[in-house]
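Asks: What follows is each chain in one-letter form.
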Amino acid sequence: MTKMFRIAIRNLTRYKRRTLLTSMLITLGVLMVILFSGLSGSFKAMMIGQITDSNLGQIQIHRRGYVSAVDSFPLNLNLNQQSYGKLEHILKNHSAVAAYAPRIKLGAMLSNYMETTNIRLNAVNPEKEVKVCPAVGDRIELTNKKGGFVGPGEVVIPEKLAKGMKIKAGDTVVVVAHNKEGSVNGFSFTVAGIIADVLGPQGKEGYMHIEDARALLRMEEPEVTEVAVRVKNFNDLDAVYANLHSTVRDQKDSKGKPVFEIHTWEKLSPFVNVANMIDLITLSMKVIMIAIVLISILNVMMMSVYERIREIGTMSAVGTAPRKIMGLFLAEGFSLGLISAMAGNAIGLTGIYLLNIYQIRFSFGRMENLLLSPTVKPTELLWLSAIVLLVSVLATLQPAYKASRMEPVDALGHV
Amino acid sequence: MILIRAEDVSKTYVSGEVEVQALRELSLEIEPASFVSIVGPSGSGKTTLLNLIGCLDKPTAGNLVVAGKHVKALDRKERAAFRGEVLGFIFQSFNLIPVLTAYENVEYPLVMVKNEPKPIRKGMVLKILEAVGMLEQKDKRPDHLSGGQKQRVAVARALVARPKLVLADEPTANLDQNTAINVIRLMRSMRDELGTTFVFSTHDPRIMGEAEMIHTLQDGRLVLTERGSDRRDNNDEDV
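As you go down the protein sequences, you meet chains A and B in turn.
Position in the first sequence counted from 1, then plus 191, gives you my numbering.
Position in the second sequence counted from 1, then plus 7, gives you my numbering.
One should not assume that every hint holds.
Label pairs and their calculated CB-CB ranges [as the list claims (entries may be wrong)]:
1. B:Leu201 <-> A:Ile479: 53 to 61 Å
2. B:Lys147 <-> A:Thr566: 49 to 57 Å
3. A:Gln589 <-> B:Ile127: 32 to 40 Å
4. B:Glu200 <-> A:Leu485: 34 to 42 Å
5. B:His210 <-> A:Gln589: 35 to 43 Å
Calculated pairs, DMTMM-like style, for lysine to aspartate or glutamate (alpha carbon to alpha carbon, straight line, at most 25 Å) [what the hints assert, rightly or not]:
6. B:Lys121 <-> B:Glu200
7. A:Lys593 <-> B:Glu85
8. B:Lys129 <-> B:Glu143
9. A:Lys194 <-> B:Glu85
10. B:Lys84 <-> A:Glu598
11. A:Lys359 <-> A:Glu412
12. B:Lys147 <-> A:Glu498
13. A:Lys351 <-> A:Asp470
14. B:Lys129 <-> B:Asp146
15. A:Lys194 <-> B:Glu143
16. B:Lys171 <-> B:Glu111
17. A:Lys515 <-> B:Asp82
18. A:Lys194 <-> B:Glu137
19. B:Lys84 <-> A:Asp601
20. B:Lys79 <-> A:Glu498
21. B:Lys171 <-> B:Glu26
22. B:Lys65 <-> A:Asp601
23. B:Lys171 <-> A:Glu598
24. B:Lys76 <-> A:Asp262
25. B:Lys125 <-> A:Glu502
26. A:Lys593 <-> B:Asp82
27. B:Lys65 <-> A:Glu502
28. A:Lys568 <-> A:Glu502
29. A:Lys207 <-> B:Glu111
30. A:Lys207 <-> B:Asp146
Please keep in mind that the hints were generated in silico from the structure rather than gathered at the bench.
We treat Cβ as the ideally placed atom computed from N, Cα and C, and that holds for glycine.
Isolated chain A (complex conformation) (with noise of 0.2 Å):
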């Protein structure tokens, strides 16, 4: 075997010049979809990591029916005490969950004495907020950051709104809002912040207690609109989501009916598609490398072929049997994949390296001064040159194949 490679290699190295030209092809495709696969799968992940960590949370738990309502904050689908008790209970046992932070979502009117407009407030508990999504107090230009936030009697209010307005931190507002009855409360409110938009559906919501917002709202007892979830390794997101979502499913109503649903970040955030979009292009990328690969090798192992017919006419006349003539084209098609996969490696993680030292930063929507870190797990790359493996091969195997079943008398008359 170690005969057969050291004969394929030097038979590689006896045409230089069209080695050197397939290898490169092959190189530059392994190297393309490293740098696209590093740069694409930084910028998923980090914009991943700022809605989930920004104020969606990676995981979300609602009453049932509440989600396709969600645009009307209907507070007649709040989680009861009870229910949200024993969500309580499975999220504080689940050993895999890192953080949960419950919500009051409502919609309200917001007034600064002089005009008024509509605005929509995520009412939270900032010390277990914070927990769940840890950047939601970086979008937030505070004045008084003692005791969280956003605390009793204050509000976090969306900078555009607070632009179209002219409202300022430390302004004081009005706040009006009815519950699920109808009846309208209004209370003065101090304003903590002004809170950078993000990309979302929750992007543009100002920050209230929940104290304050169960006040408001004439709650007789504390309801929670929703649960947000922090898990304590995003890798295990799928598999945790699996788990809770079956825990959740066994809670029944009186009816029978479950009482949860639960959702990751993908359902319910557009970005999905993005991400979707981001994961199709980088397959177009392989899809694209495979392609060079298999049109590069069978081009060049065709050519090989043609050109040493009386060689395998040679080899075959002195006994060698036909799988070991197919055998020596595989390993100089397997040898020529192999050496192009490492170079490709090897150029895409010094790439890699170099992008991260020259650091990339750029913007997206409103968020500003972006930095890319691209990486490149390993298995991705024993994937990747695993693929470049079994491509290179299946692309030798015609050729190959022709070549074992020449007949020596023909094949050594070829002139």
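Fit chain B to the known structure of chain A by using the hints.
Replies: What follows is chain B alone, placed relative to chain A:
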């Protein structure tokens, strides 16, 4: 005992709509450890006969038995295995593998056909390279060897696996006269040393005189079988 027995062997090639009869009911016998020449003008059927004896091709009609095997009865794989086991080949254009050194070319049948372990094949290769006088050139690739040196390497490759029979198709056609004589004498000395049967084709009168037995073909028929010594005597008389 007879090593090669041909009985009414015919070979017909079909090229488009034209049938070419390369061999016509040819019969001959070759004994083991003999040094035999097949001679005749171009197109007389020399190469076809060697291809049939070498199991590179099958006869259209007749019986051909080589080392006890009926050539016609062997399939592709069996013929390849038989060639590796029993036969050695020397070609007009040397047909050395250009990317391998002289040593590696000689080693090739032991690696790819015989699967001999490295220490054994090293001894076999060095011994045969020394016997053909190519030990000092063993690390050179074919493009750094002269025609005569290449053919010596080819002789070594044909003999390294100790075949019963070596077939050489015009082995001296690409060599100058002196080198050609030297190569034929080397083959003969190898026959003497190893007891291998050599069958070679040629149309060079001086080369054919080196053979013990000469079979002359014409238009695919065996027209004359004579001893090499008789031919040499006739040549001397002509001179």
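Asks: With reference to the structure, classify each hint as holding or not holding.
Replies: Going through the hints against the structure:
1. B:Leu201 <-> A:Ile479: 53 to 61 Å: For Ile479 (chain A) against Leu201 (chain B), whose Cβ atoms are near 59 Å apart, the range 53 to 61 Å holds.
2. B:Lys147 <-> A:Thr566: 49 to 57 Å: Holds, since Lys147 (chain B) and Thr566 (chain A) (Cβ atoms, about 51 Å apart) stay within the stated range.
3. A:Gln589 <-> B:Ile127: 32 to 40 Å: Because 37 Å falls inside the window, the suggested range holds.
4. B:Glu200 <-> A:Leu485: 34 to 42 Å: Hint violated: Cβ distance 53 Å, outside 34 to 42 Å.
5. B:His210 <-> A:Gln589: 35 to 43 Å: 41 Å Cβ-Cβ, so the 35 to 43 Å window holds.
6. B:Lys121 <-> B:Glu200: Status holds; Cα separation ~22 Å.
7. A:Lys593 <-> B:Glu85: holds, 19 Å
8. B:Lys129 <-> B:Glu143: It holds: about 15 Å lies between the C-alpha atoms, which stays within 25 Å.
9. A:Lys194 <-> B:Glu85: holds, 24 Å
10. B:Lys84 <-> A:Glu598: Roughly 11 Å separates the two Cα atoms, so the pair holds.
11. A:Lys359 <-> A:Glu412: violated, 34 Å
12. B:Lys147 <-> A:Glu498: holds, 23 Å
13. A:Lys351 <-> A:Asp470: violated, 33 Å
14. B:Lys129 <-> B:Asp146: holds, 13 Å
15. A:Lys194 <-> B:Glu143: holds, 23 Å
16. B:Lys171 <-> B:Glu111: With Cα atoms ~22 Å apart, Lys171 (chain B) and Glu111 (chain B) stay inside 25 Å; holds.
17. A:Lys515 <-> B:Asp82: holds, 17 Å
18. A:Lys194 <-> B:Glu137: With Cα atoms ~23 Å apart, Lys194 (chain A) and Glu137 (chain B) stay inside 25 Å; holds.
19. B:Lys84 <-> A:Asp601: holds, 16 Å
20. B:Lys79 <-> A:Glu498: violated, 31 Å
21. B:Lys171 <-> B:Glu26: Given that 25 Å is the threshold and the Cα spacing comes to 34 Å, the pair is violated.
22. B:Lys65 <-> A:Asp601: holds, 12 Å
23. B:Lys171 <-> A:Glu598: holds, 23 Å
24. B:Lys76 <-> A:Asp262: violated, 89 Å
25. B:Lys125 <-> A:Glu502: Judged against 25 Å, a Cα distance of about 24 Å means the pair holds.
26. A:Lys593 <-> B:Asp82: holds, 18 Å
27. B:Lys65 <-> A:Glu502: Distance of about 21 Å is within 25 Å: holds.
28. A:Lys568 <-> A:Glu502: violated, 44 Å
29. A:Lys207 <-> B:Glu111: holds, 21 Å
30. A:Lys207 <-> B:Asp146: holds, 21 Å
Taken one by one, the earlier hints fail for this structure at numbers 4, 11, 13, 20, 21, 24 and 28, listed in ascending order.
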